[in-house]
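S.K.: Work out the full structure, taking the sequences as your base and the hints as a guide.
Here's the letter readout for the chains.
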Amino acid sequence: MTEQTHQIRLHVNGVEHEAAVPARRLLSDALRHDLGLTGTHVGCEHGVCGACTVLVDGQPMRSCLMFAVSAAGHEITTVEGLARPDGELGPVQQAFRECHGLQCGFCTPGFLTTITAGIAENPDPTEDEARDMVAGNLCRCTGYQNIVKAVCRAAELARSGEDGAA
Amino acid sequence: MTTKMMGAKVQRVEDDRLVRGTGRYVDDVAPDALHAAVLRSPHAHARIVSIDVDAVLDIDGVHAVWTHEDLEGAMADPLPLLIPHPTLTHGRTQYALAKDEVNYVGEAIALVVAEDRYVAEDALAQIVVEYELLPAVVGIEAARSAANLVHDDVPGNVAARMEQSNGDAAAAIAAAPHTLSLDLKIERSACMPMEGRGTVARWDPDQNRLQVWTSTQTSTGVRAAVAAKLGLDLGQVDVITPDVGGGFGVKIVHPWPEELLVPLAAQRLGRAVKFTEDRREHFISSAHERAQEHHVEVGFDDEGRVLGLDVRFWHDHGAYTPYGLIVPIITSTQLLGPYKPGAYHVQFDSLYTNTVIVTPYRGAGRPQGCFVMERTMDAIAAELGLDRADVRAANFIQPDEFPYDQGLIFQDGRELKYDSGDYPAMLDKIKELVDWDHFEDFRSAKAAEGKRVGLGLACYVEGTGVGPYEGAHVHIETSGKVKVATGLTSQGQGHQTAFAQIVADELGVRFEDVEITTGDTRRMPYAVGTFASRAAVMSGSAIHLAAKRAKEKALRIAADALEADVDDLEIVDGVVSVKGTDSSIPLGTIAVLSNPLRYAFDEASKAATQFNVGDPTKPPVAEDDEPGLEGKDFYSPPRSTFASGMHAVIVETDVETAEIRILKYAVVHDCGHLINPMIVEGQIHGGVAQGVGGALYERMAYDESGQLLNASFMDFLMPYVTEVPTSIEIDHLETPSPLNPLGIKGAGEAGVIPGSAAFAAAIEDAERLPITAMPISPSELFALRLAHAPHAEESK
Chain A
1 MTEQTHQIRL HVNGVEHEAA VPARRLLSDA LRHDLGLTGT HVGCEHGVCG ACTVLVDGQP
61 MRSCLMFAVS AAGHEITTVE GLARPDGELG PVQQAFRECH GLQCGFCTPG FLTTITAGIA
121 ENPDPTEDEA RDMVAGNLCR CTGYQNIVKA VCRAAELARS GEDGAA
Chain B
167 MTTKMMGAKV QRVEDDRLVR GTGRYVDDVA PDALHAAVLR SPHAHARIVS IDVDAVLDID
227 GVHAVWTHED LEGAMADPLP LLIPHPTLTH GRTQYALAKD EVNYVGEAIA LVVAEDRYVA
287 EDALAQIVVE YELLPAVVGI EAARSAANLV HDDVPGNVAA RMEQSNGDAA AAIAAAPHTL
347 SLDLKIERSA CMPMEGRGTV ARWDPDQNRL QVWTSTQTST GVRAAVAAKL GLDLGQVDVI
407 TPDVGGGFGV KIVHPWPEEL LVPLAAQRLG RAVKFTEDRR EHFISSAHER AQEHHVEVGF
467 DDEGRVLGLD VRFWHDHGAY TPYGLIVPII TSTQLLGPYK PGAYHVQFDS LYTNTVIVTP
527 YRGAGRPQGC FVMERTMDAI AAELGLDRAD VRAANFIQPD EFPYDQGLIF QDGRELKYDS
587 GDYPAMLDKI KELVDWDHFE DFRSAKAAEG KRVGLGLACY VEGTGVGPYE GAHVHIETSG
647 KVKVATGLTS QGQGHQTAFA QIVADELGVR FEDVEITTGD TRRMPYAVGT FASRAAVMSG
707 SAIHLAAKRA KEKALRIAAD ALEADVDDLE IVDGVVSVKG TDSSIPLGTI AVLSNPLRYA
767 FDEASKAATQ FNVGDPTKPP VAEDDEPGLE GKDFYSPPRS TFASGMHAVI VETDVETAEI
827 RILKYAVVHD CGHLINPMIV EGQIHGGVAQ GVGGALYERM AYDESGQLLN ASFMDFLMPY
887 VTEVPTSIEI DHLETPSPLN PLGIKGAGEA GVIPGSAAFA AAIEDAERLP ITAMPISPSE
947 LFALRLAHAP HAEESK
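First to last, the sequence lines map onto chains A and B.
Mind the numbering: the first sequence is residues 1 to 166 in the working numbering, read in order.
Mind the numbering: the second sequence is residues 167 to 962 in the working numbering, read in order.
All the given hints hold, so there is nothing to weed out.
The list that follows gives simulated cross-link-like pairs (lysine-lysine, DSS-like), each with its CA atoms no further than 27 Å apart:
#1 B/Lys612 x B/Lys597
#2 B/Lys597 x B/Lys617
#3 B/Lys175 x A/Lys149
#4 B/Lys175 x B/Lys647
#5 A/Lys149 x B/Lys595
#6 B/Lys597 x B/Lys506
#7 B/Lys798 x B/Lys714
#8 B/Lys830 x B/Lys612
#9 A/Lys149 x B/Lys830
Don't read these hints as lab results, they were simulated from the structure.
The model shown is predicted, which means the values in this text are computed figures rather than measured ones.
M.R.: Following this line, the structure appears as structure tokens:
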């Protein structure tokens, strides 16, 4: 028996992709294996670790808990879409480098997307608010202190970026 | 003058790729691969009566299904027992696919290869296995009682009984003015890297070669295992370790069944095949660690000096012993920490249970050893009414006593001989960091607010940089860029950065011009692996030595070209010059000159062609020379280096809920000279988080039948940002190791070792009741309160 597939259009990082996927295909697998956007990582496949977090219409979502077919028609941003248009690192990416906010880098894309949405909502977080922002993501390497620092630094860079653009 | 890179907080070169999402982890390679899935035993102990796979091949998209019957030759034999030991009298290993019997929930039974993982999992569900259930042995108590056996031919469930001693501990204890007995227990936990295991293999019939990508801590280990099991020459197998999403020990090789089955499938099917473990599989089929029970007898004098120490312990190694006795040997030796007991005797039993195998998890047996020794120190202090730090100080090895021989044999078969350290200075630093001397004031102030606080201290020594060796190859290109390869792997430690710092310093080149490759057997086929905090010591030293060789050659050629004496030359920013003159030549040009050419491929290579260089009366390449500007060397230490550290933690235990809050965490750390303080600090942060997990949260909840009840991130608790200290006070002490050219010691595991010991001490100090088992949850602490105050409850 051949599995029925659905032809869908996925808008990812401003680019439209076509894919034929079974109804049960997870968005995380579609991004990684159908579209080749392997920056989104799967750490638990049950929605707890946050490694697979992508932005769906700007909101952080666990792509391992979402079917690819249900993402059709929405604007998806993955870690590959966080760099600035000129290719330079975006503020959250830059902050993670500066603050040593990553070690193995596997959970990092989920943190980067989560924080991107977080500082869009709260551009000037206190340290406690920064901690809250990443409290749903697991990292096994860093011990988190530098990730919290990176959140504050990213917010600072994003704010100065806005100022600088003026 | 080039800035010295060693000791500088250099930002990591790895990070640009990783934050852009362009890293390559094993599941990211070979998008065209077929996907493998493994049928795993649902029972902890059972005989396999029959396996029916008939329904599977009818499923559209399935390419193959194999059980043990389909394996041939060495693949059909048990997996290797990787580290044999004379006392491991009853070692047992599993088969790549189970033969006749399964011994833990999760043991591999059949392999399906299909178009994608979804179809492969559909197919697994169609395999019918008939089992005859056998009684499961779960936990140390059940294993010791031996009412049931894991393996019929292993009496008492004992795989090994090992003992070591230095002096007559029993006599020393009998003669001591004071004695104590303690029973101490640590539960099972697991590494849980965010990326699970994974393997991709591709067979190239044109070259008769196998290429394997695997998420491992040892590419050369996987290569040797695959070659041995598939009947291939080493030269036919390339193993490449791409970016690895954390290891912490679990990605050490034994090898895993999938690391052999995936290459076999690729060879048989002529297609690339990929296995990517899911999280539930990781819980039930990748290794755990930590579970041990210990009985301590100690004799001591009025100052708290240990005169005799006798430790008997039982180690739960799970269903098989592929990695030998490494974990309990480490506990039995490293529990001595920075102390010198008058006499010491240790004996352990390594026991079979019907649970997942045990191999080293970050710290590897040391957290248990540290817990045992530090609980003993606290008990002695309590018994004598002495300050806990003073009792430790009374037992320290003194700075003028190094090298200090503990009179035991370590995990690497070498003497347990400490190379360097300064424990009294370290104690002063940690006391200052945590404000030890004023803690009673803090306690009183908190008590006035109705709050209960406690302070704990734990000291450890960590044998790091175990041999046998690592190697490195340094190649200076004609562009002046330097390509360096070392065989061990990287799983997030920042090797590309730290090793480039070492090369930049030794060669006098710009840090940005150095590129490091790790874990690729094509580039460096001789290597051991990344575990036991050995990468910086072993590969760092080898890279330093290889760079030195490349530099020697560069200077020799430059001296000829510049008509100068080698001793008058220096290299700065990749340019060799005669000191104090304008005479200079770039390293890239020296690389051109190092390779006599017939053809001018580009402008630069014209300089090295036959009518331009050399003495026509001599061969272009001298008899004792070779073309190219390269250096290769190996580093092999006489024995391990011994890093050390002390952690102190202040906790508040909630008077009503028994919740345990971390108020302060302090670390003093000595890993010799620091290559990159930023990276070392990151390693400490991560280690402390895992120590917090081990002390307060992580445990493997097996039921009596051997089912793991918490095999998901919903149920197995690891620290989030909300569970770790908001800041960690860190101070360093640098006692350089005399055993390697850089004076360094390993730093990877230190942070996790004293976690359970320090928290147990702090909770005990807050609660004034003995803490003898870790981890400890609020409900367990609450129960302990009730158990220790029954009369108080009755009198209410």
